[in-house]
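So you can see what is in the structure, the chains are spelled out below.
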Amino acid sequence: MNDYQEYIRNFSIIAHIDHGKSTLADRIIEKTGLVSQREMREQFLDNMDLERERGITIKLQTTRLLFHSKDGNDYVFNLIDTPGHVDFTYEVSRSLAACEGAVLVVDATQGVEAQTLANVYLAMDEDLEIMPVLNKIDLPSARPDEVKAEIEEVIGVEAEDAPMVSAKEGTGIEELLEEIVKKIPAPKGDEKDRLKALIFDSYYDNYKGVVIYSRIFDGAVTKGDMIRLMNSGKNYEVTEVGMYSPGPVECDRLRAGEVGYICASIKQVADARVGDTITLASDPADEPLPGYKKVQSMVYCGIYPAEGEKYENVKDALEKLQVNDAAFHFEPETSTALGFGFRCGFLGLLHMEIIVERLEREFDLAVITTSPSVIYKVVLTDGSVKMVQNPSNLPDPVMIDHIEEPMVKADIMVPKDYVGSIMEICQERRGKLLNMEYITENRVNLHYDMPLNEVIYDFFDALKSKTRGYGSLDYEFSRYEPSKVVKMDILLNKDLVDAFSMIVHESKAYSRGRFVCAKLKEVIPMHQFEVPIQASIGQKIIARETVRAYRKDVIAKCYGGDISRKKKLLEKQKEGKKRMRQFGTVEVPQEAFTAVLKYDDNK
Amino acid sequence: MTTTNDLGLYVHVPFCRGKCSYCDFLSFACQNDQLLKEYARALAVEMRTRRQDVEGYSVDSVFIGGGTPSLMPIESFQLLMREVRDNFHVEEGAEITVEVNPASLTREKLEMYRECGINRLSIGVQSFDNRTLRILGRLHDKNEAFNMIQTARKAGFDNINIDLIFGVPTQTLKNWIDTVRQGIFLQPEHISLYSLQLEKGTDLYRRVYDEESLNAVPEIVDREMYHDAVTLLKGAGYHHYEISNAALPGYESRHNTKYWSYQEYLGLGLGASSFFRGQRFKNHEKMSRYIKAIKENKPPVDEDSIEKYTEREEMGIYVFTGLRKAEGVNLKEFRDRFGVDLFTVYDPAILRRHKGMINLYDDQLYLTEAGMDVSNRIMAEFV
Chain H
1 MNDYQEYIRN FSIIAHIDHG KSTLADRIIE KTGLVSQREM REQFLDNMDL ERERGITIKL
61 QTTRLLFHSK DGNDYVFNLI DTPGHVDFTY EVSRSLAACE GAVLVVDATQ GVEAQTLANV
121 YLAMDEDLEI MPVLNKIDLP SARPDEVKAE IEEVIGVEAE DAPMVSAKEG TGIEELLEEI
181 VKKIPAPKGD EKDRLKALIF DSYYDNYKGV VIYSRIFDGA VTKGDMIRLM NSGKNYEVTE
241 VGMYSPGPVE CDRLRAGEVG YICASIKQVA DARVGDTITL ASDPADEPLP GYKKVQSMVY
301 CGIYPAEGEK YENVKDALEK LQVNDAAFHF EPETSTALGF GFRCGFLGLL HMEIIVERLE
361 REFDLAVITT SPSVIYKVVL TDGSVKMVQN PSNLPDPVMI DHIEEPMVKA DIMVPKDYVG
421 SIMEICQERR GKLLNMEYIT ENRVNLHYDM PLNEVIYDFF DALKSKTRGY GSLDYEFSRY
481 EPSKVVKMDI LLNKDLVDAF SMIVHESKAY SRGRFVCAKL KEVIPMHQFE VPIQASIGQK
541 IIARETVRAY RKDVIAKCYG GDISRKKKLL EKQKEGKKRM RQFGTVEVPQ EAFTAVLKYD
601 DNK
Chain L
1001 MTTTNDLGLY VHVPFCRGKC SYCDFLSFAC QNDQLLKEYA RALAVEMRTR RQDVEGYSVD
1061 SVFIGGGTPS LMPIESFQLL MREVRDNFHV EEGAEITVEV NPASLTREKL EMYRECGINR
1121 LSIGVQSFDN RTLRILGRLH DKNEAFNMIQ TARKAGFDNI NIDLIFGVPT QTLKNWIDTV
1181 RQGIFLQPEH ISLYSLQLEK GTDLYRRVYD EESLNAVPEI VDREMYHDAV TLLKGAGYHH
1241 YEISNAALPG YESRHNTKYW SYQEYLGLGL GASSFFRGQR FKNHEKMSRY IKAIKENKPP
1301 VDEDSIEKYT EREEMGIYVF TGLRKAEGVN LKEFRDRFGV DLFTVYDPAI LRRHKGMINL
1361 YDDQLYLTEA GMDVSNRIMA EFV
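Here the protein sequences come in this chain order: H and L.
In terms of our numbering, the first sequence has 279 at position 279, counting the first letter as 1, and numbering is strictly consecutive.
In terms of our numbering, the second sequence has 1092 at position 92, counting the first letter as 1, and numbering is strictly consecutive.
A portion of the hints provided could be inaccurate.
[To be verified] Straight-line distance between alpha carbons at most 30 Å, and here's what the computed DSBU-like set of lysine-lysine pairs gives:
1) K568/H x K1019/L
2) K568/H x K494/H
3) K1355/L x K552/H
4) K1142/L x K572/H
5) K1142/L x K552/H
6) K494/H x K432/H
7) K234/H x K320/H
8) K386/H x K416/H
9) K508/H x K487/H
10) K1174/L x K552/H
11) K1325/L x K567/H
12) K574/H x K1332/L
13) K567/H x K1142/L
14) K1286/L x K1298/L
15) K1019/L x K1292/L
16) K572/H x K1298/L
17) K1355/L x K567/H
18) K208/H x K223/H
19) K572/H x K1355/L
20) K1200/L x K519/H
21) K293/H x K432/H
22) K1019/L x K572/H
23) K521/H x K484/H
24) K223/H x K183/H
25) K577/H x K1286/L
26) K1325/L x K552/H
27) K70/H x K182/H
28) K521/H x K432/H
[What the hints assert, rightly or not] Counterexamples of contact, computed for chain H against chain L with all Cβ distances above 10 Å:
29) D125
30) E169
31) K183
32) M230
33) N324
34) V419
35) D553
36) G560
Derived by calculation from the structure, the hints in this document are not laboratory data.
No experiment lies behind these values; they were computed from the predicted model shown.
Beta carbons are placed, not taken as given, at the ideal position from N, Cα and C, and that holds for glycine.
Could you put together the complete structure from these sequences and hints?
Listed below in structure tokens is the structure:
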């Protein structure tokens, strides 16, 4: 080991949502004096508004901190933050691969949760030293002894001496930092060896191009070096290297064991994919680091400009988002009902919601999203295979031999009192219980085999609602499996509205059809004529509702010449109409598209 | 020779004996004449403050509305009319209307109105069915209404409007049609038909939607009431010239027509609206503010209400108000006024979207009778 490495600690903080990861990260940054209290925004690492609002971290942030230990030495802490959601498992795993240890934050009032476990397993896969920390120790409902026992029992790591902190109050942070020095191993690797560096994140900067976050495992990288990305095979010249503390600080070079950023005039994030290995073009390493995979979109939906919104604006915004998000992609598509728009691929439902919200908030766009869909493997009678994610592209049934749908392995962790209701909602969604284990006397981990198409609709909402927020979910793709799925269409006043079409399992078609029709009845306003709403499979109508016609919409009196009042009234009416989308003869409010996806407790 | 512009004058009298159950107009229950007298004096001052502003205008219609203007004591009313003539140039043959209420009208007052030059009466009959009148909270009964119209005739009024309301809770199609028939039998020159709107804050709204002690008339019945009444009126020779108004030919209300024909009018009194010299504004609705301005000898205009609309907005107003009239909007007049063609400003697809509801024929853009039922939706296309 080189001398300088002895004073480096590379670690991540892993935790379940709401267990206080970001707050703890804030306290650590504050304690190491990197950012003064005054500069400190709440939860420094989550720098997108959306993330702050939702209390989750989507985009990674990495920070280099200096800690003066009681042993008299100064240590460099590279705190590598990880995204906190199941949709981003691969990114989490690559971030963890950049570390030697993980600080596992467990809420002392809640105990171990499904996602905590999922992340712990990821960390174990990378052979990290796991260091449990109990947070929210200040709360009266904290039960540290029980939770410690739980950690030992469930995760199998020693928790007796786990630091007890309150990130909110800032207590116990100093002790935690000392523990990090003691427990988490220093990095290894030889700076004289051939360069091997892991890309664990990247973002796009308007001036520098793609900025790569990297952990150097072997060798060193200097400005002017010609580097090669081993999986993509492309070469680039390094224009800058540096470290984040917390803003970018340029340095001469990055050496084995260190974490920092590299710029090399790369044009888009997709060219520097997370998990790829950087080596020197002149003297490349024999093999890339293990674990690289190209992330696949699991969920697709159509995004269309809403009435009055420009197609070009939406396209520009999607392009900007794509530059920064290798997991998101889109291509143009056309819908008879919605006109020109885009088919977009996402890692999961949350990822989709985030993109849509960013379009609306950061870019101030009005968009319509269609029902999310998974990718179906359609095996045609001639033996060829077609991957279909847009219901409208499903071939004619006579040409289809069979259809396969993606299945996931879902882990659901709940307090035992909710097991019954979880089984119910899983069964409704065609889930097969693989097994069930008692983690502790009160907590159960249910392992389900489930179709992804059931997970993406409203499963998460249903889970949260049925368990009062105590249930947690983690899932990963397992395989494709033959399934009796059919295309269900929605007809408004006898006209098919393709934007509402969805692929559903045969056994669910009737209930889904009834649900969608009932929801649309709620949101579609009365017209001058009756509007039948029908769900159909092929020619067969499986559900029907009717929006009755209105008869009267007139102001009889004249308000004594108060034309302004009348004008305002009409403007209000027009405003309401603006949010409508015309399908044939029927006006449909934009919210209809989300309404048909929302979980309804009473259905 | 100087050219003059026509002007309508509206005078608001915001007092009633009691508040009717459906009323959300600006009016107060008032039991003593003192207040009415003071208010008439305030109106007189307001008129004087406008004297300069109306230079170049001549008044071709005066409408004294409320509230219940017939509550006003004789001397006060005389003062009011004197001031009107002193401060404004009232044309020979101007239409001068006063709104009256059967419960507060006397023979004596009717004669005074004649003497003051009132040549049109608008009587708030509302219904010839006593139960309906009670639900509406009206203070008169059917016989009083009947008698009052006869008395007005005897007093020499040859231009009478009666207001009728339909869609009143408990009212049936049959007793509404009976009311219309009785109205026609009395041969007023003008009949207004108002579809009752249950407005929040009114007693009737509360009884229907909060207490649920009364049932609202279903929309479909309300429309049947409307169309049946229109058919009856047309059969009796009335001209259905505006959504809520019908008149014997030549007796269409000049004053109301101003509102729908983009003509100027000046409102006087509490909360009265004006469209004057290109501006739309309202007087203060708070009595204390109104009186304060009067004491300072200033027009009591609520500065916050002044709207200076863009040309495009004015076009919208022109069209949506015009569409209230049966004849609708004339495309040539629109072009003459705004210098552009109506359908370069508005999407011609509106005609297709509301097929059967709005028509274009011989340069007139107008609502059909079916279109009048849903006029708001169509008008909203133009704002």
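Structure-based check of all given hints:
Our distance criterion of 30 Å between C-alpha atoms is met by K568/H and K1019/L, whose separation comes to about 26 Å. For the given pair, K568/H sits about 35 Å from K494/H by alpha-carbon distance, which is inconsistent with the 30 Å threshold. Distance check on the hinted pair: K1355/L and K552/H sit about 16 Å apart at the alpha-carbon level, within 30 Å; holds. Between the alpha carbons of K1142/L and K572/H the distance comes to roughly 39 Å, so the proposed pair goes past 30 Å and is violated.
The hinted pair formed by K1142/L and K552/H meets the criterion: a straight-line CA distance of about 29 Å does not exceed 30 Å. With a C-alpha separation of about 38 Å, the suggested pairing of K494/H with K432/H is violated against the 30 Å cut-off. Our distance criterion of 30 Å between C-alpha atoms is met by K234/H and K320/H, whose separation comes to about 23 Å. Our distance criterion of 30 Å between C-alpha atoms is broken by K386/H and K416/H, whose separation comes to about 43 Å.
Restraint check for K508/H and K487/H: satisfied, since their Cα atoms lie roughly 11 Å apart, inside the 30 Å limit. A hinted pair counts as satisfied when its Cα atoms are at most 30 Å apart, and K1174/L with K552/H qualifies at roughly 20 Å. Taking the CA atoms of K1325/L and K567/H, the gap is near 17 Å; set against the 30 Å cutoff, the hint holds. Among the hinted pairs, K574/H with K1332/L is consistent with the structure: their alpha-carbon atoms are about 26 Å apart, no more than 30 Å.
This hinted pair does not check out: K567/H and K1142/L have alpha carbons roughly 36 Å apart, beyond 30 Å. The hinted pair formed by K1286/L and K1298/L meets the criterion: a straight-line CA distance of about 15 Å does not exceed 30 Å. The suggested pairing of K1019/L with K1292/L holds, with an alpha-carbon distance near 26 Å, which does not exceed 30 Å. Between K572/H and K1298/L the alpha-carbon distance is near 34 Å, which puts this suggested pair outside the 30 Å criterion.
Restraint check: the Cα-Cα separation between K1355/L and K567/H comes to about 23 Å, which is no more than 30 Å; the hinted pair holds. In summary, the hint linking K208/H to K223/H is supported, as the alpha carbons are separated by about 13 Å, within the 30 Å threshold. Simply put, K572/H and K1355/L have alpha-carbon atoms about 23 Å apart, close enough for the 30 Å limit, and the pair holds. Note on K1200/L and K519/H: the hinted pairing holds, with a Cα-Cα distance of about 29 Å set against a maximum of 30 Å.
A distance of roughly 29 Å separates the Cα atoms of K293/H and K432/H; the hinted pair therefore holds under the 30 Å criterion. Between K1019/L and K572/H the CA atoms are separated by roughly 29 Å; this keeps the pair inside 30 Å, and the hint holds. Distance check on the hinted pair: K521/H and K484/H sit about 28 Å apart at the alpha-carbon level, within 30 Å; holds. Distance restraint check for K223/H and K183/H: the Cα-Cα separation of roughly 34 Å exceeds the 30 Å cut-off, and the hinted pair is therefore not satisfied.
About 34 Å separates the Cα atoms of K577/H and K1286/L, which puts this hinted pair outside 30 Å; it is violated. Using a Cα cut-off of 30 Å, the hinted pair K1325/L and K552/H holds, with the two alpha carbons roughly 18 Å apart. Note on K70/H and K182/H: the hinted pairing holds, with a Cα-Cα distance of about 11 Å set against a maximum of 30 Å. Note on K521/H and K432/H: the hinted pairing is violated, with a Cα-Cα distance of about 33 Å set against a maximum of 30 Å.
With a minimum CB-CB distance of about 61 Å to chain L, D125/H clears the 10 Å threshold, and the non-interface call stands. The Cβ of E169/H lies farther than 10 Å from every Cβ of chain L, with a closest approach of about 50 Å, so its non-interface assignment holds. The beta carbon of K183/H sits about 67 Å from the closest Cβ of chain L, which is more than 10 Å, so the claim that it is off the interface holds. With 10 Å as the threshold on Cβ separation, the claim that M230/H sits away from chain L holds: the shortest Cβ distance comes to roughly 58 Å.
Even its closest Cβ contact with chain L, about 39 Å, leaves N324/H beyond 10 Å, as expected for a residue assigned away from the interface. The Cβ of V419/H lies farther than 10 Å from every Cβ of chain L, with a closest approach of about 44 Å, so its non-interface assignment holds. The claim that D553/H is not at the interface with chain L is violated, since a C-beta of that chain comes within 10 Å of its own (minimum 4 Å). A Cβ of chain L approaches the Cβ of G560/H within 10 Å, the least distance being about 6 Å, so the stated non-interface status is violated.
Violation of the numbered hints given earlier is confined to hints 2, 4, 6, 8, 13, 16, 24, 25, 28, 35, 36; the remaining hints are satisfied by the structure.
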